[in-house]
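Protein chains in written order, with our numbering: chain A, 1 to 141; chain B, 1 to 145.
Calculated from the structure, these hints are not laboratory results. In this text the structure is predicted, and so the values were computed from the model without any measurement. You may find that some hints are simply not true.
[What the hints assert, rightly or not] Straight-line Cα separation of at most 27 Å, DSSO-like style, residue types lysine-lysine; simulated pairs:
(1) A:135 - B:7
(2) A:38 - B:98
(3) B:3 - A:42
(4) B:7 - A:47
(5) A:129 - A:47
(6) A:129 - B:99
(7) B:99 - A:38
Chain by chain, the residues run as shown.
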Amino acid sequence: MKITRKRKYKATIPTASTGDIAFLLIIFFMSTTKFDVKEGIKLVLPKAVESQENKTQTITLTEKEMTRFQILPDGQIAVNREAPRYIESEELDTIIQQKVQINPDMIFKIITDRDAKYNDMIRVVDRLKAAKIEKISLSTS
Amino acid sequence: MAKLSVKKRRDATIPQASTSDIAFLLLLFFMVTTVFVQEKKFWVERERWPFAESIERIPRNHTSTIYVMRDETILLDDIPTRIESSEDVFVSQTLIRKKAEDPELIVCFRTDRETKYGVMSDVMRQLQDANALVVAFEAQPILKK
């Protein structure tokens with residue numbers, strides 16, 4: 001008669017892959033963690049006029065040399081001496097293009113009313129930046 | 001008769017049983033030591049920023065952020081302030097110090113898009129006084145349909 005002997009199996013949990021799992025977790029968190037990215041419109045402000053001695057010369061610029069965008073509290077924009085009106089971004093682009101065609105070195109001055117919205121000022125600066133204009137002046141009075 | 005000893009070949013193995021413990025320890029270490037900036041008194045959410053198209057990336061390591069709320073409160077270095085007269089020079093004083101520490105300083109504005117321009121003008125005037133002339137207006141990209 002054949003006697004079968006019961007084999008005792010050792011109960012073990014395979015732990016060989018836990019290291020791989022942990023490293024995968026580390027890599028997952030490293031690749032998915034998103035830090036606060038800074039994105040925006042960069043500008044360089046003009047230097048402050050320090051004293052009467054260093055006061056810069058006053059130069060009068062004509063409309064051929066400088067374009068003025070005056071932003072009013074209700075969002076209307078006056079270009080140079082024209083009557084203020086609401087100008088869409090596309091129309092702003094064409095105005096800028098026209099001015100650059102007149103003079104490629106055109107200076108754009110943005111005079112914003114103290115009560116005007118910051119968003120309206122950014123919209124004009126953005127359109128100028130999109131047209132690759134470097135000579136942008138912001139009024140800080 | 002001489003006894004011949006047979007050289008036993010030992011397997012050269014690196015014990016790998018503890019690698020998982022090391023990895024988990026690393027994970028726990030980074031989880032415990034990572035500190036996020038949380039001490040903001042207030043925050044201008046991304047949804048409140050103005051929209052723009054010509055956005056460029058700004059290197060973080062030379063930036064200092066100024067938050068400007070709709071109610072004209074300014075937050076610089078977690079200290080809320082207001083500019084109501086020419087004697088309120090907290091912004092310029094702080095930025096003079098920062099500019100001395102980092103000459104390549106870029107001042108980033110996180111301003112609510114509904115803010116009146118007057119307060120921005122005042123802050124920019126103080127930046128000019130502090131000779132911190134490079135500024136960046138943070139904006140969110142326009143979603144194209």
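Here is how each hint holds up against the structure:
With a C-alpha separation of about 85 Å, the suggested pair residue 135 of chain A and residue 7 of chain B falls outside the 27 Å cut-off, and the hint is violated. Distance hint between residue 38 of chain A and residue 98 of chain B is fulfilled; the C-alpha atoms sit about 19 Å from each other, no more than 27 Å. With a CA separation close to 87 Å, the supplied pair residue 3 of chain B and residue 42 of chain A exceeds the 27 Å bound. With a CA separation close to 84 Å, the supplied pair residue 7 of chain B and residue 47 of chain A exceeds the 27 Å bound.
Only pairs whose Cα atoms come within 27 Å are accepted, and residue 129 of chain A paired with residue 47 of chain A is accepted, the gap being roughly 20 Å. Pair hint residue 129 of chain A plus residue 99 of chain B holds up; C-alpha atoms about 26 Å apart against a cutoff of 27 Å. Distance hint between residue 99 of chain B and residue 38 of chain A is fulfilled; the C-alpha atoms sit about 19 Å from each other, no more than 27 Å.
Going through the hint list in order, the structure does not satisfy hints 1, 3 and 4.
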